[in-house]
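Novice: So the sequences go chain by chain: Y and C. This note's numbering puts the first residue of the first sequence at 1, with every later residue one more than the last. This note's numbering puts the first residue of the second sequence at 1001, with every later residue one more than the last.
One or more of the hints may lead you astray.
[Claimed, not checked] Mimicking BS3-like on lysine-lysine, the simulated pairs with C-alpha atoms at most 30 Å apart in a straight line are: (1) C:Lys1262 to C:Lys1092; (2) C:Lys1137 to C:Lys1212; (3) Y:Lys113 to Y:Lys47; (4) Y:Lys228 to Y:Lys47; (5) C:Lys1092 to Y:Lys113; (6) Y:Lys92 to C:Lys1137; (7) C:Lys1029 to C:Lys1212; (8) Y:Lys113 to Y:Lys228; (9) Y:Lys227 to Y:Lys113; (10) C:Lys1113 to Y:Lys92; (11) Y:Lys137 to Y:Lys228; (12) Y:Lys29 to C:Lys1137; (13) C:Lys1212 to C:Lys1228; (14) Y:Lys137 to C:Lys1029; (15) C:Lys1262 to C:Lys1227; (16) Y:Lys228 to Y:Lys262; (17) Y:Lys137 to C:Lys1092; (18) C:Lys1047 to Y:Lys47; (19) C:Lys1227 to C:Lys1047; (20) Y:Lys227 to Y:Lys262; (21) Y:Lys228 to Y:Lys212.
Honestly, the hints are just simulated from the structure, not real lab data. Small disclaimer: the values here were computed from a predicted structure and weren't measured.
There are 2 protein chains.
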Amino acid sequence: MFVVKIGGSRGIDLDAVCADVAALTREGKQIVLMHGAGNEANELGDKLGHPARHVTSPQGYTSRYTDRQTLEIFVMAACGKINTFLVERLQKLCVNAIGLSGVDGRLLEGTRKDAIRIVENGRQRILRDDYTGRVEKVNADLLRSLLASGYTPVVAPLAISYQGDALNVDGDRAAAMIAGALAAEQLIILTNVPGLLRAFPDEASLIPHIDKHRVEQTIDFAEGRMKKKVLGATEALALNVRQVIFADGRVAEPLHRALEGKGTIIE
Amino acid sequence: MFVVKIGGSRGIDLDAVCADVAALTREGKQIVLMHGAGNEANELGDKLGHPARHVTSPQGYTSRYTDRQTLEIFVMAACGKINTFLVERLQKLCVNAIGLSGVDGRLLEGTRKDAIRIVENGRQRILRDDYTGRVEKVNADLLRSLLASGYTPVVAPLAISYQGDALNVDGDRAAAMIAGALAAEQLIILTNVPGLLRAFPDEASLIPHIDKHRVEQTIDFAEGRMKKKVLGATEALALNVRQVIFADGRVAEPLHRALEGKGTIIE
Chain Y
1 MFVVKIGGSR
11 GIDLDAVCAD
21 VAALTREGKQ
31 IVLMHGAGNE
41 ANELGDKLGH
51 PARHVTSPQG
61 YTSRYTDRQT
71 LEIFVMAACG
81 KINTFLVERL
91 QKLCVNAIGL
101 SGVDGRLLEG
111 TRKDAIRIVE
121 NGRQRILRDD
131 YTGRVEKVNA
141 DLLRSLLASG
151 YTPVVAPLAI
161 SYQGDALNVD
171 GDRAAAMIAG
181 ALAAEQLIIL
191 TNVPGLLRAF
201 PDEASLIPHI
211 DKHRVEQTID
221 FAEGRMKKKV
231 LGATEALALN
241 VRQVIFADGR
251 VAEPLHRALE
261 GKGTIIE
Chain C
1001 MFVVKIGGSR
1011 GIDLDAVCAD
1021 VAALTREGKQ
1031 IVLMHGAGNE
1041 ANELGDKLGH
1051 PARHVTSPQG
1061 YTSRYTDRQT
1071 LEIFVMAACG
1081 KINTFLVERL
1091 QKLCVNAIGL
1101 SGVDGRLLEG
1111 TRKDAIRIVE
1121 NGRQRILRDD
1131 YTGRVEKVNA
1141 DLLRSLLASG
1151 YTPVVAPLAI
1161 SYQGDALNVD
1171 GDRAAAMIAG
1181 ALAAEQLIIL
1191 TNVPGLLRAF
1201 PDEASLIPHI
1211 DKHRVEQTID
1221 FAEGRMKKKV
1231 LGATEALALN
1241 VRQVIFADGR
1251 VAEPLHRALE
1261 GKGTIIE
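This is chain Y alone, in the form it adopts within the complex:
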């Protein structure tokens, strides 16, 4: 059993990813897919006159400021377009995919951070009315029961707060929580780079292997969006996932390549 996170940035070859998912499920492997929505949500926000606003925390992590209107846009992109058409694409390949977000059946539950601290022009300030949060609980029974019935769950990066609010969550960390809850062997994080790079964007600086106990040091040199992916990796490992693999999602057979050790392996 393994969990695959498909990044939301440009460049990922969805045809190749889905063909590989189909090949692996034919071999009897159980897979849970999690996807991002970043790029699609940005484009939709631009078209609807409510562009995305990305903010940076004092710790240097970037995220999307999600007021209610941004949440609506994010939901239309993530649960609507990306999730449904990813399920359609897999169904065409005879994978019996089923799309869910964390709101469905309280699949991903967590605390809403309605006020977030950000750094803007060198100064700290508080933003309110935010619909973001962090996944704390996974409804593993729901995923297990779907997997046991032969379905391949495809999960959109939303969670539900304990009060019942839909929340935009980080997909990498959510995938890590799912991998942990399902005691998955591997978490594969596909992005539009070959893995973790010591000197982004120089692809020759790929780090092939990181020891489990040295992951946190990696966060310091991980660039922008990679920081959260490394954080997700540490969380998955802490939950006893055996391997986290950062791999290239732009190539043919991306999952087979990742499982053969191409990319950055953290174990």
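With chain Y fixed as given, assemble chain C onto it according to the hints.
Specialist: Coordinates of chain C only, in the frame set by chain Y:
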């Protein structure tokens, strides 16, 4: 067990519908909800510069012409905004709702009508590249297993073709197929009128009761969008659903009222 179709037009009181669903599930009733997306999809299409195009068949039924771009807009409105926020609304009321469309797990399967015959300015012509269809098969096992685990399925009006294409389908007829497949006692169709009207829009002309064997005659005087609802009713009855109730979705306790016989009962 009953199936409730919530119309996609303005005026339906979703707070009242959801409160009633919560009350009925607390009483131990099993409910499958199906929703429309018409109005929301129209508004989104307008905002994105790709307005909806409604066409009329030679038999007088109206439908949405669904090219690929319209399908994307429909999916964002139906599977994204409406489905997710309906699930969120129910979750806030402690109903463990789970959102699906007919694409998920091949819940609703049917034949794609990629060419449709329409009447325009009194002349018949053919439109191609249409992503619409009619539900022919229901994955009742998936719904039964979710219901048995305590979930309340919330279904968006899409189906999947045998070739794996996502299709826009009529929600009333899809709800009828679901009710038939689950051997539901009742199918309740909530709209923004009190039921079937002999002289639309005169609400005093409500028809309280129609005999099962006389439903088809009703199609003749049903106005525009009601025609398909009546067709859905005949299909549900043919599949041994005991009662179809057309009821007012704008009032308090709409489901309790419908079950008490307020509206148009067909049996």
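Novice: None of the hints should be skipped; say for each whether it holds.
Specialist: Comparing the hints with the structure gives:
Under the criterion of a C-alpha separation no larger than 30 Å, the hint pairing C:Lys1262 with C:Lys1092 is consistent with the structure, at around 28 Å. At roughly 23 Å between alpha-carbon atoms, C:Lys1137 and C:Lys1212 fall within 30 Å of each other, so this suggested pair holds. Restraint check: the Cα-Cα separation between Y:Lys113 and Y:Lys47 comes to about 27 Å, which is no more than 30 Å; the hinted pair holds. A threshold of 30 Å between alpha carbons decides the hint, and for Y:Lys228 with Y:Lys47 the separation of about 28 Å falls inside it, so the pair holds.
About 17 Å separates the Cα atoms of C:Lys1092 and Y:Lys113, which keeps this hinted pair within 30 Å; it holds. At roughly 17 Å between alpha-carbon atoms, Y:Lys92 and C:Lys1137 fall within 30 Å of each other, so this suggested pair holds. Using a Cα cut-off of 30 Å, the hinted pair C:Lys1029 and C:Lys1212 holds, with the two alpha carbons roughly 25 Å apart. For the proposed pair Y:Lys113 and Y:Lys228, the alpha carbon gap of about 17 Å is at most 30 Å, so the pair holds.
Pair hint Y:Lys227 plus Y:Lys113 holds up; C-alpha atoms about 20 Å apart against a cutoff of 30 Å. Pair hint C:Lys1113 plus Y:Lys92 holds up; C-alpha atoms about 17 Å apart against a cutoff of 30 Å. Between Y:Lys137 and Y:Lys228, the direct Cα distance comes to roughly 19 Å. Compliance with the 30 Å bound is thereby established for this hinted pair. A distance of roughly 28 Å separates the Cα atoms of Y:Lys29 and C:Lys1137; the hinted pair therefore holds under the 30 Å criterion.
Proposed proximity of C:Lys1212 and C:Lys1228 is supported: the alpha carbons are some 16 Å apart, at most 30 Å. For the given pair, Y:Lys137 sits about 28 Å from C:Lys1029 by alpha-carbon distance, which is consistent with the 30 Å threshold. With a C-alpha separation of about 20 Å, the suggested pair C:Lys1262 and C:Lys1227 falls inside the 30 Å cut-off, and the hint holds. Restraint check for Y:Lys228 and Y:Lys262: satisfied, since their Cα atoms lie roughly 21 Å apart, inside the 30 Å limit.
Under the criterion of a C-alpha separation no larger than 30 Å, the hint pairing Y:Lys137 with C:Lys1092 is consistent with the structure, at around 17 Å. For the hint linking C:Lys1047 to Y:Lys47, the alpha-carbon distance of about 8 Å falls within 30 Å, and the restraint holds. Distance hint between C:Lys1227 and C:Lys1047 is fulfilled; the C-alpha atoms sit about 29 Å from each other, no more than 30 Å. Of the supplied pair hints, the one linking Y:Lys227 and Y:Lys262 holds, its CA atoms being roughly 20 Å apart against a limit of 30 Å.
For the proposed pair Y:Lys228 and Y:Lys212, the alpha carbon gap of about 16 Å is at most 30 Å, so the pair holds.
Hint violations for this structure: none, all hints satisfied.
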